[in-house]
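Visitor: Residue-level listing of the chains:
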Amino acid sequence: MTMNRVPNPLIASLVEDLAPVAPLKRRNGWLVALVAVGATVLGVGLYEGLWQAALAGNAAPIFFVTNGLLLLLGLAAAAAVLSLASPAVGNRQDAPKWATAMVAIIPLTAVLTTIAAGHAIADLFDSRSMYCLTSGMLASLLTFAAMTWWLRRGAPVSTGVANLWAGIAAGAIGSFAYGLSCPIDSVEHLGVWHIAPVALCGALGRMVLPRLTRW
Amino acid sequence: MIADESTLARLMAQSQAGDRQAYTVLLTEAQLWLERYFRRRVAPGQMEDLVQEVLMALHHKRATWDSSRAFLPWLAAIARYRWVDHLRRVYRSEEEALGDHDAAEDSEEEAVLARMSLERLFVHLPDKQVEAIELVKIEGLSIEEASHRTGQSESAVKVNIHRGLKKLATLIEKAE
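Heads up: the sequence lines are chains A and B, in that order. The first sequence begins at 16 in this note's numbering and counts up one residue at a time. The second sequence begins at 322 in this note's numbering and counts up one residue at a time.
Since the hints were derived computationally from the structure, they do not count as laboratory data.
Estimated spans, in silico, between C-beta atoms of each pair:
id, chain 1, residue 1, chain 2, residue 2, range
1, B, 365, A, 57, 54 to 60 Å
2, B, 334, A, 32, 16 to 22 Å
3, A, 54, B, 342, 42 to 48 Å
4, A, 225, B, 328, 33 to 39 Å
5, A, 120, B, 341, 53 to 59 Å
Below 25 Å or equal to it, Euclidean Cα-Cα: the simulated PhoX-like pairs (lysine-lysine) are:
id, chain 1, residue 1, chain 2, residue 2
6, A, 112, A, 40
7, A, 112, B, 495
8, A, 112, B, 487
9, B, 449, B, 479
10, B, 488, B, 449
11, A, 112, B, 488
12, B, 449, B, 487
13, A, 40, B, 495
14, B, 495, B, 449
None of the values given here were measured: they were computed from a predicted structure. Virtual Cβ for every residue (Gly too), placed ideally from N, Cα, C.
For reference, chain A alone in the conformation it holds in the complex (with noise of 0.2 Å):
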């Protein structure tokens, strides 16, 4: 196969410099995916508390409903994210498309049915808003980290879909594992300040990314 070719030096240097290499397998992304998953619950447990009712099942439905999706949304990308951070030419990811598709629909729920209520879409707003948004955002870290440290790892090649379904798998589980903690469960509060951590993530994902998982 390879008779009468001309010597690459490079190729020459590169099999000198050869060393054997663990190849980058999924379960491990996997692994390393799901203990962000229960590292950042269990740092939400310890720190806020979570919340006891809606553990013995007294929340309201849309209490289950929301963090139910944000973490299979997490799971979704973090999937995809493990998928794409070992490049093929086929290598599609419509899974976390849909799973995004079905989260929206939360919140188009809290504001339609704000305006169908008569009220203002100000009144979104509650005295625990702001504290809800930094918190799943902050929650998002330990994900975040694990998401960049295995596309480092790997060689992604769709950059700008890796980068943000990093970001939306960090901000959907950091939001599911704050969720479990916070004790306001109607479709307005869960629907904007618990998803807003997603969009805003994915968005920081697409934009501080780049240059940490360029190669």
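Given chain A, work out where chain B should sit, using these hints.
Guide: Quick look at chain B alone, frame taken from chain A:
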């Protein structure tokens, strides 16, 4: 003839384990594959640099290939990434315009190669963007020359290149 997918995958798995003999063969085969892959989409004088860049990327990122997956789609994705990067950097080539550098095709592999080809990226772009990128970034014409050749204004050529390259970057893994 360039080695097939299964041979390349086996060589890559051995290379990840540190087998230098397998790695020499793999890189030599990858070089040939890349030269064929980039044919007609890179000015001949820039081909060698681009192939070397991809070989270095293969070396530095060799851990990111998972032996449970195919090797060539992995290499093609890296090649596309470096190619788009290369097009962004090239403003005016000192080289002559591309001629017909076709070699005899290995028909067996054509179908597989075609799915991962650079042409697959271009079919998703409007004709005007493709034309602007081909003339300026691949053939090495100036913006002014491309404007005369296409009948587009100079600013339209620039905008079409900018938008086209942006779109290409989003298609690296998707277009097949």
